[in-house]
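A.B. asks: Order-wise, the sequence lines are chains A, B and C.
Numbering follows the working numbering, in which position 57 of the first sequence is assigned residue number 69; successive positions increment by one, without gaps.
Numbering follows the working numbering, in which position 22 of the second sequence is assigned residue number 27; successive positions increment by one, without gaps.
Numbering follows the working numbering, in which position 65 of the third sequence is assigned residue number 82; successive positions increment by one, without gaps.
Be careful, since some hints might not be right.
[Unchecked claim] Calculated cross-link-like contacts (lysine to any residue; reagent style SDA-like; alpha-carbon spacing at most 20 Å):
hint: 1; chain 1: C; residue 1: K205; chain 2: C; residue 2: D87
hint: 2; chain 1: A; residue 1: K59; chain 2: A; residue 2: Q314
hint: 3; chain 1: C; residue 1: K159; chain 2: A; residue 2: A15
hint: 4; chain 1: C; residue 1: K229; chain 2: B; residue 2: E117
hint: 5; chain 1: C; residue 1: K327; chain 2: A; residue 2: D159
hint: 6; chain 1: A; residue 1: K135; chain 2: A; residue 2: L247
hint: 7; chain 1: C; residue 1: K229; chain 2: B; residue 2: N45
hint: 8; chain 1: B; residue 1: K103; chain 2: B; residue 2: G143
hint: 9; chain 1: B; residue 1: K169; chain 2: B; residue 2: N45
hint: 10; chain 1: B; residue 1: K61; chain 2: B; residue 2: A75
hint: 11; chain 1: A; residue 1: K135; chain 2: C; residue 2: L223
hint: 12; chain 1: C; residue 1: K109; chain 2: C; residue 2: G133
hint: 13; chain 1: B; residue 1: K103; chain 2: C; residue 2: L223
hint: 14; chain 1: A; residue 1: K170; chain 2: A; residue 2: D159
hint: 15; chain 1: A; residue 1: K135; chain 2: C; residue 2: Q346
hint: 16; chain 1: B; residue 1: K132; chain 2: B; residue 2: R119
hint: 17; chain 1: B; residue 1: K61; chain 2: C; residue 2: R252
hint: 18; chain 1: C; residue 1: K229; chain 2: B; residue 2: S101
hint: 19; chain 1: C; residue 1: K327; chain 2: A; residue 2: I37
hint: 20; chain 1: A; residue 1: K135; chain 2: C; residue 2: D87
[As the list claims (entries may be wrong)] Selected chain C positions facing chain A (in silico; Cβ < 10 Å):
hint: 21; residue: P152
hint: 22; residue: I161
hint: 23; residue: M168
hint: 24; residue: I169
hint: 25; residue: A171
hint: 26; residue: H176
hint: 27; residue: L183
hint: 28; residue: L184
hint: 29; residue: P185
hint: 30; residue: P187
hint: 31; residue: Q287
hint: 32; residue: G331
hint: 33; residue: I334
hint: 34; residue: L335
The hints are simulated quantities; they were obtained by calculation from the structure and are not laboratory data.
Since we're looking at a predicted model, the values are computed, not measured.
Beta carbons: idealized from backbone N, C-alpha and C, even for Gly.
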Amino acid sequence: MRAIDTLLSGDLPRSRLLALALGAILFALALAPFLFPGTRSLDVAAKVCIFIVLVASYDLLLGYTGIVSFAHTMFFGIGGYGIAIAMTRLDAGWSALAIGTAGALAVSLVLSLLVGLFSLRVKAIFFAMVTLAVASFFAILASQLSDLTGGEDGLTFKVPEFLRPGFRLLDEPVLGVVFGGKLITYYLVFTSALALFLGLLRAVNSPFGRVLLAIRENEFRAEALGYRTVVYRTLANCLSALVATLAGVLYALWLRYTGPNTTLDFAIMIDILLMVVIGGMGTMYGSILGTTLFIVAQNYLQDLMKMASGATRGIPLLPDLLHPDRWLLWLGVLFVVCVYYFPLGIVGRLRHGGARKG
Amino acid sequence: MPEPLLTLAGVHTHIGQYHILQGVDLAVPRGELTMLLGRNGAGKTTALRTILGLWKASSGSIRFDQAEIAARETPDIASMGIAYVPETMGIFAGLSVKDNLVLAARESALDEARLENVFRFFPALRKFWFLPAGLLSGGQKQMLSISRAMIEPRKLVLIDEPTKGLAPAIINNLIEALKELKQTDTTILMVEQNFHAARSLGDGVAVMDSGRIVHTGRMADLAADEALQTRLLGLSLDVHQ
Amino acid sequence: MTQPSDDQGPLPQARIDTIPLLILAGVVIVAFFLIGSASTWVTLTIAGVAMGLLIFIMASGLTLVFGLMDVMNFAHGLFIAIGAYVGVSTMKAFSSAAGSESFLENLGALAPTLLGAVVVAGLIGAFFERVIIRPVYGQHLKQILITTGGMIVAEQLIHVIWGPDLLPLPRPETLRGSFLVGDVAIEKFRLVAVVVGLSVFAAMMLVLNRTKIGLLIRAGVENKEMVEAMGYRVRRLFVWVFIVGSALAGLGGALWGMYQENVTVHIGAQMMVLIFIVIIIGGLGSVGGCFVGALLVGLVANYVGYLSPKVALGSNILLMMIVLFWRPQGLYPVNRQ
Ligand SMILES: Nc1ncnc2c1ncn2[C@@H]1O[C@H](COP(=O)(O)OP(=O)(O)O)[C@@H](O)[C@H]1O
Ligand SMILES: [Mg+2]
Chain A
13 MRAIDTLLSG DLPRSRLLAL ALGAILFALA LAPFLFPGTR SLDVAAKVCI FIVLVASYDL
73 LLGYTGIVSF AHTMFFGIGG YGIAIAMTRL DAGWSALAIG TAGALAVSLV LSLLVGLFSL
133 RVKAIFFAMV TLAVASFFAI LASQLSDLTG GEDGLTFKVP EFLRPGFRLL DEPVLGVVFG
193 GKLITYYLVF TSALALFLGL LRAVNSPFGR VLLAIRENEF RAEALGYRTV VYRTLANCLS
253 ALVATLAGVL YALWLRYTGP NTTLDFAIMI DILLMVVIGG MGTMYGSILG TTLFIVAQNY
313 LQDLMKMASG ATRGIPLLPD LLHPDRWLLW LGVLFVVCVY YFPLGIVGRL RHGGARKG
Chain B
6 MPEPLLTLAG VHTHIGQYHI LQGVDLAVPR GELTMLLGRN GAGKTTALRT ILGLWKASSG
66 SIRFDQAEIA ARETPDIASM GIAYVPETMG IFAGLSVKDN LVLAARESAL DEARLENVFR
126 FFPALRKFWF LPAGLLSGGQ KQMLSISRAM IEPRKLVLID EPTKGLAPAI INNLIEALKE
186 LKQTDTTILM VEQNFHAARS LGDGVAVMDS GRIVHTGRMA DLAADEALQT RLLGLSLDVH
246 Q
Chain C
18 MTQPSDDQGP LPQARIDTIP LLILAGVVIV AFFLIGSAST WVTLTIAGVA MGLLIFIMAS
78 GLTLVFGLMD VMNFAHGLFI AIGAYVGVST MKAFSSAAGS ESFLENLGAL APTLLGAVVV
138 AGLIGAFFER VIIRPVYGQH LKQILITTGG MIVAEQLIHV IWGPDLLPLP RPETLRGSFL
198 VGDVAIEKFR LVAVVVGLSV FAAMMLVLNR TKIGLLIRAG VENKEMVEAM GYRVRRLFVW
258 VFIVGSALAG LGGALWGMYQ ENVTVHIGAQ MMVLIFIVII IGGLGSVGGC FVGALLVGLV
318 ANYVGYLSPK VALGSNILLM MIVLFWRPQG LYPVNRQ
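Sequences and hints are given; from them, build the entire structure.
C.D. replies: Given below as structure tokens:
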């Protein structure tokens, strides 16, 4: 019990249902290759792991610092492009991976510092607008500098020998599972994601995290207490950007590919927003629930809607509203409802049980 | 005794989670100038803002001209005949001096006679009539701010530290103008740190400390009693003398 | 009587800050030398001004809405999209008038198209203000989230109503093509955009400077509390500014659709980035700044697009960065309290 408490930095789920859900997700992700064999499900599991980190790092900004950034995918993309470029230009080994990651982190750090110092002195609104503009600029840049980035096609690259799908650790499958590069990569992703998540949990429960919360609650007061709010916000912005960069590295490593559609697309930014808000802003665990729910929905809800749309054929408008491509409509509605009525999202609901509004 | 124009009873005001006014009881008699004194941070500005509804009183009653106004919106309260000269003067810097006054004259177009009266005290305003008010000096801005409160007849004028940061000559100018305003049947509630100004203008006086009224009486009595001044106001009083 | 002692010295002059205007002129002149060909330069300049004015129409409402109530509507692009799509449908309904060779009959198609865009966008703006914006007044974080959410939902609904495909929005017959002045080709529709844009700007300036409502809006942008303390209902004013701003965005959307000759669902989101850049460059809350910023963005986009197409898309953000380095509050900072 003590060990768990330390591991979770004293921030326990505080709800039996929540603990159960988190436990189930952890279990499923930890044993995904054995529980859900098949490429598609393993892809979904890896994506969930990576997006949990991405979404949690975004929550550090949105939920804990109270600022909205539209440039989170930019940092995600920098991670992806960092290793993709390094792996294609140098030989595809561990050192190239390290160089790419380090370079990406450095670029992200500088950029997040610049953006932060530029616009964090002003209001949340200004920051949101500037990040939107900067992110769209970066997306344009990535598609224009095709010599470096592969343009719209992106970059497909080789990963270190050990992580390649062709690599075999054991010659024979055990329990029907191939012990090879794919499995190793999955566990690399899984453990990195777990470590990053626990690190973020530690950060928000540290004195640093508590100052962030104080600033979010009342900036006037926090200034009066002598906190340099700009410094704290900038630090949060940088930390969040760095973790997003690492998530981008993991995603690229998993896909062995980086392109605008997998990292920089504005649609991904919207997805992240939806995941944070639906899961629960300002509760790290919300990112786990929100992400899992969202990605599973993304992959399987559409099948359901296809059936519903078919079943309602003949009724005006309804089949259109239930068309599988319209799934974002319903999640958008859920998002708006969450912001109005459940600002703490699913986690807030679970923690406060039957209590009215969080 | 007639009913006071403005009465605060047990008014509490919270800003965020901070409890600023902690039960203010205050009566402002009709036709008088009531001075509101107190140290920095005592809650004087908050009291004026609460009267106008710029902060909402969390409990207590505010009666103005026989109506309960604590729950009303600022524009409604102001429309009942209250003008406000805030500590920050609230000048519209991008608008001309004229347009500042045009907006202040809510009911009608600018009244020539009253305008002449304003110019008599503050000739500078005529000179800068078509220029952006942001170009005025600090003293001229304060004049404009007070003029906006005088351009139409109001039942009550709330004035927050009009002499702050101004040169003595300008302060005297302001005092003259405010004396003239007193001659009309306007009731005034004024916050002032400058004791010279307070003494020459105030009829009644109320002293605040830590969000409460701690003394009420006649200005003349307070002016005569140095021990009371020191006890109520500390040393800050004499600095401007 | 006491003599006022504060009115000596020279009379300060009322002057508008001309440096941004000089920069605008400088951009036009430098472009002339870089481009080298006078006729190309004229064509590009007209294109830039037309684009800038269209952006101004779409952006002006947003900057005022922000100035007045500290509300930033991240779904402003929605009204642009609505204007464009209503334009598509109306233009289709009036296709015979639009296809006629007579300018007057063309006007019979153009007028209802623009009017329809204005009215529908304005009505939806009124609804949006009431349902989406009002519950989150003063809460910036929620505002950004809710309006972004509103944008997602609205974009999807447009999908449902008009379908996912790119739709054509043809210009009326007599406004197609261009005419020659000397060896300079001038697209007719660009002139329409310039005329409409300048009319909107002039009307807006007239209202803001010459009417009491306009004075109240300007005063409210500077200091909303003071306007309320003078007895005016800023909220009511705000609702109308919001509605007019949405209607103008609709107008701009319809014109922009015709300018491009087609409309996609992403028109709103795409324009949003440009509009943010323009109002940041201009100074949040400043209509004059928005005007100069829009022209600057339109001109630079066209010049750079010709000189170095690769950089064109990013030129606006570079422009924003440069302006912010120089004036962190934009070209015409609004003195807000
Ligand atoms: N916006 C605010 N948020 C929190 N506290 C405030 C705010 N404005 C004023 N206060 C606090 O309220 C108290 C009274 O302030 P104020 O009414 O301005 O005092 P005075 O005008 O008497 O100097 C002070 O302690 C001040 O710090
Ligand atoms: Mg004060």
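A.B. asks: Work down the list of hints and note, for each, if the structure agrees.
C.D. replies: So, going through the hints one by one against the coordinates:
1. The hinted pair formed by C/K205 and C/D87 fails the criterion: a straight-line CA distance of about 39 Å is larger than 20 Å.
2. Distance hint between A/K59 and A/Q314 is fulfilled; the C-alpha atoms sit about 17 Å from each other, no more than 20 Å.
3. Pair hint C/K159 plus A/A15 does not hold up; C-alpha atoms about 37 Å apart against a cutoff of 20 Å.
4. The straight-line distance between the Cα atoms of C/K229 and B/E117 is roughly 18 Å, inside the 20 Å bound, and the hint therefore holds.
5. Annotation: proposed proximity of C/K327 to A/D159 holds, straight-line Cα distance about 13 Å (limit 20 Å).
6. Pair hint A/K135 plus A/L247 holds up; C-alpha atoms about 17 Å apart against a cutoff of 20 Å.
7. Annotation: proposed proximity of C/K229 to B/N45 is violated, straight-line Cα distance about 38 Å (limit 20 Å).
8. For the proposed pair B/K103 and B/G143, the alpha carbon gap of about 17 Å is at most 20 Å, so the pair holds.
9. Annotation: proposed proximity of B/K169 to B/N45 holds, straight-line Cα distance about 12 Å (limit 20 Å).
10. Note on B/K61 and B/A75: the hinted pairing holds, with a Cα-Cα distance of about 7 Å set against a maximum of 20 Å.
11. Of the pairs offered as hints, the one joining A/K135 and C/L223 is violated, with about 31 Å between alpha carbons and a cut-off of 20 Å exceeded.
12. Of the pairs offered as hints, the one joining C/K109 and C/G133 holds, with about 12 Å between alpha carbons and a cut-off of 20 Å not exceeded.
13. For the hint pairing B/K103 with C/L223, the CA-to-CA distance comes to about 17 Å; that is within 20 Å, so the pair holds.
14. The hinted pair formed by A/K170 and A/D159 meets the criterion: a straight-line CA distance of about 18 Å does not exceed 20 Å.
15. Distance check on the hinted pair: A/K135 and C/Q346 sit about 12 Å apart at the alpha-carbon level, within 20 Å; holds.
16. With a CA separation close to 17 Å, the supplied pair B/K132 and B/R119 stays within the 20 Å bound.
17. With a CA separation close to 17 Å, the supplied pair B/K61 and C/R252 stays within the 20 Å bound.
18. For the given pair, C/K229 sits about 13 Å from B/S101 by alpha-carbon distance, which is consistent with the 20 Å threshold.
19. Taking the CA atoms of C/K327 and A/I37, the gap is about 46 Å. The hint is violated against a cut of 20 Å.
20. At roughly 10 Å between alpha-carbon atoms, A/K135 and C/D87 fall within 20 Å of each other, so this suggested pair holds.
21. With 10 Å as the threshold, the beta carbon of C/P152 comes within range of chain A, its nearest partner Cβ sitting at about 7 Å, so the hint holds.
22. Because the smallest distance between the Cβ of C/I161 and any Cβ of chain A comes to about 5 Å, under 10 Å, the interface hint for this residue holds.
23. Contact between C/M168 and chain A, as hinted, is supported at the beta carbon level, the nearest pair being about 9 Å apart and thus within 10 Å.
24. Proximity of C/I169 to chain A holds as hinted, the smallest CB-CB distance being about 4 Å (cut-off 10 Å).
25. Checking C/A171 against chain A: minimum C-beta separation of about 9 Å stays under 10 Å; hint holds.
26. Hint status for C/H176: holds, given a least beta-carbon distance of 7 Å to chain A, under 10 Å.
27. Interface hint at C/L183: violated, since its Cβ lies 16 Å from the closest Cβ of chain A, which is beyond the 10 Å cut-off.
28. A cut of 10 Å between beta carbons decides the hint on C/L184: the least distance to chain A is about 16 Å, and the hint is violated.
29. About 22 Å separates the beta-carbon of C/P185 from the nearest beta-carbon of chain A, more than 10 Å, and the hint is not met.
30. Of the supplied interface hints, the one on C/P187 is violated, with its beta-carbon coming no nearer than about 26 Å to a beta-carbon of chain A, more than 10 Å.
31. For C/Q287, the shortest C-beta to C-beta distance to chain A is roughly 9 Å, which falls under 10 Å, so the interface hint holds.
32. Taking 10 Å as the C-beta contact cut-off toward chain A, the hint placing C/G331 at the interface holds, the least distance being around 5 Å.
33. For C/I334, the shortest C-beta to C-beta distance to chain A is roughly 4 Å, which falls under 10 Å, so the interface hint holds.
34. Against a cut-off of 10 Å between C-beta atoms, the interface hint on C/L335 holds, since the closest Cβ of chain A lies about 8 Å away.
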